[in-house]
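Participant: Sequence:
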Amino acid sequence: MPRMGRVVLPNYPHHIVQRGHNRQVVFAAPEDYQRYIGDLRELKEAFGVKVYAYCLMTNHIHLLVTPTESAAGLGQLMKALAARATRYRNRIEGRTGTLWEGRYKSSVVQSERYLLACCRYIELNPVRADIVASAADYPWSSYNARVGCSPDNDWLDIDDCFDMLGDTKQDRQESYKSFVNQAVSSDELKTIRLALQRGQLTGTTRFIDEVERIAGIRIAYRGQGRPRHDR
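In terms of this note's numbering, the sequence shown opens at residue -11 and continues consecutively.
There's no promise every hint is true.
As the list claims (entries may be wrong) - Here are the in silico distance ranges between beta carbons for each label pair: (1) LYS157 / ALA117: 41 to 49 Å; (2) ASP197 / ARG79: 44 to 52 Å; (3) ASP175 / ASN10: 16 to 24 Å; (4) GLY204 / PRO18: 18 to 26 Å; (5) ILE80 / GLU100: 17 to 25 Å; (6) ALA68 / ASP142: 34 to 42 Å; (7) ASP175 / ASP148: 23 to 31 Å; (8) VAL120 / GLU198: 32 to 40 Å; (9) ARG11 / THR84: 38 to 46 Å; (10) ARG186 / CYS137: 18 to 26 Å; (11) ALA60 / ILE80: 28 to 36 Å; (12) ALA68 / ASN47: 45 to 53 Å; (13) ALA117 / ARG75: 41 to 49 Å; (14) ALA117 / GLN22: 30 to 38 Å.
To be clear, the hints were calculated from the coordinates, so they are not data collected in a lab.
Fair warning: this is a prediction, and the values are worked out from it, not measured in the lab.
Where is the CB? At the ideal position from N, CA and C, for every residue including glycine.
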């Protein structure tokens, strides 16, 4: 069966995962992580993409990003990030060849229901992998910048759902800390994981219908019928 084309829509958040080729190490030293984050900060402006969350693991990355004026900006951003990381890794290792899997995974995310949930999912990756005990202990994610515990915290974008967490910046940061520290339901984890694995949509039934209408194609997996609940 032919692979379905990737769905990319302007002004919608997208959860992105890109893995190293054959799951090889992509980030081996602190400067590797720092370089990628610096490139992300620079290139998001060049390609008109908002960045809400990120997490860099040893052999893969998670991003939550929104292309603004043009859907093409997302692909351009990912291509430029991958090319810079590949050139850097090849240069320091004296090698040639690809660094990344050929195709990154993506899922369009419903802002008002799942954007914060996807941020939490992304920033808790190192906790689920038993690398650290809490999101705050991991230096290569957006968590510390989001909650004001990093001096380099002025470049992440703010969606309306973040503003709704409190009346002041400090209130919002404390509310987000509490949100991340809450127990995450198995249903939420399953929803986000399956949508990403299948290149589908992270959202409610109504959201799925809306995006399918905009994209003009059927996207949701319907082998067992519609999702049973509309969270």
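Participant: Determine for every hint whether it applies to the structure shown.
Facilitator: Going down the list of hints, with the structure as the test:
no. : hint                        : verdict
1   : LYS157 / ALA117: 41 to 49 Å : violated, 30 Å
2   : ASP197 / ARG79: 44 to 52 Å  : holds, 48 Å
3   : ASP175 / ASN10: 16 to 24 Å  : violated, 32 Å
4   : GLY204 / PRO18: 18 to 26 Å  : violated, 45 Å
5   : ILE80 / GLU100: 17 to 25 Å  : violated, 43 Å
6   : ALA68 / ASP142: 34 to 42 Å  : violated, 22 Å
7   : ASP175 / ASP148: 23 to 31 Å : holds, 24 Å
8   : VAL120 / GLU198: 32 to 40 Å : holds, 37 Å
9   : ARG11 / THR84: 38 to 46 Å   : violated, 19 Å
10  : ARG186 / CYS137: 18 to 26 Å : violated, 35 Å
11  : ALA60 / ILE80: 28 to 36 Å   : holds, 31 Å
12  : ALA68 / ASN47: 45 to 53 Å   : violated, 20 Å
13  : ALA117 / ARG75: 41 to 49 Å  : violated, 28 Å
14  : ALA117 / GLN22: 30 to 38 Å  : violated, 20 Å
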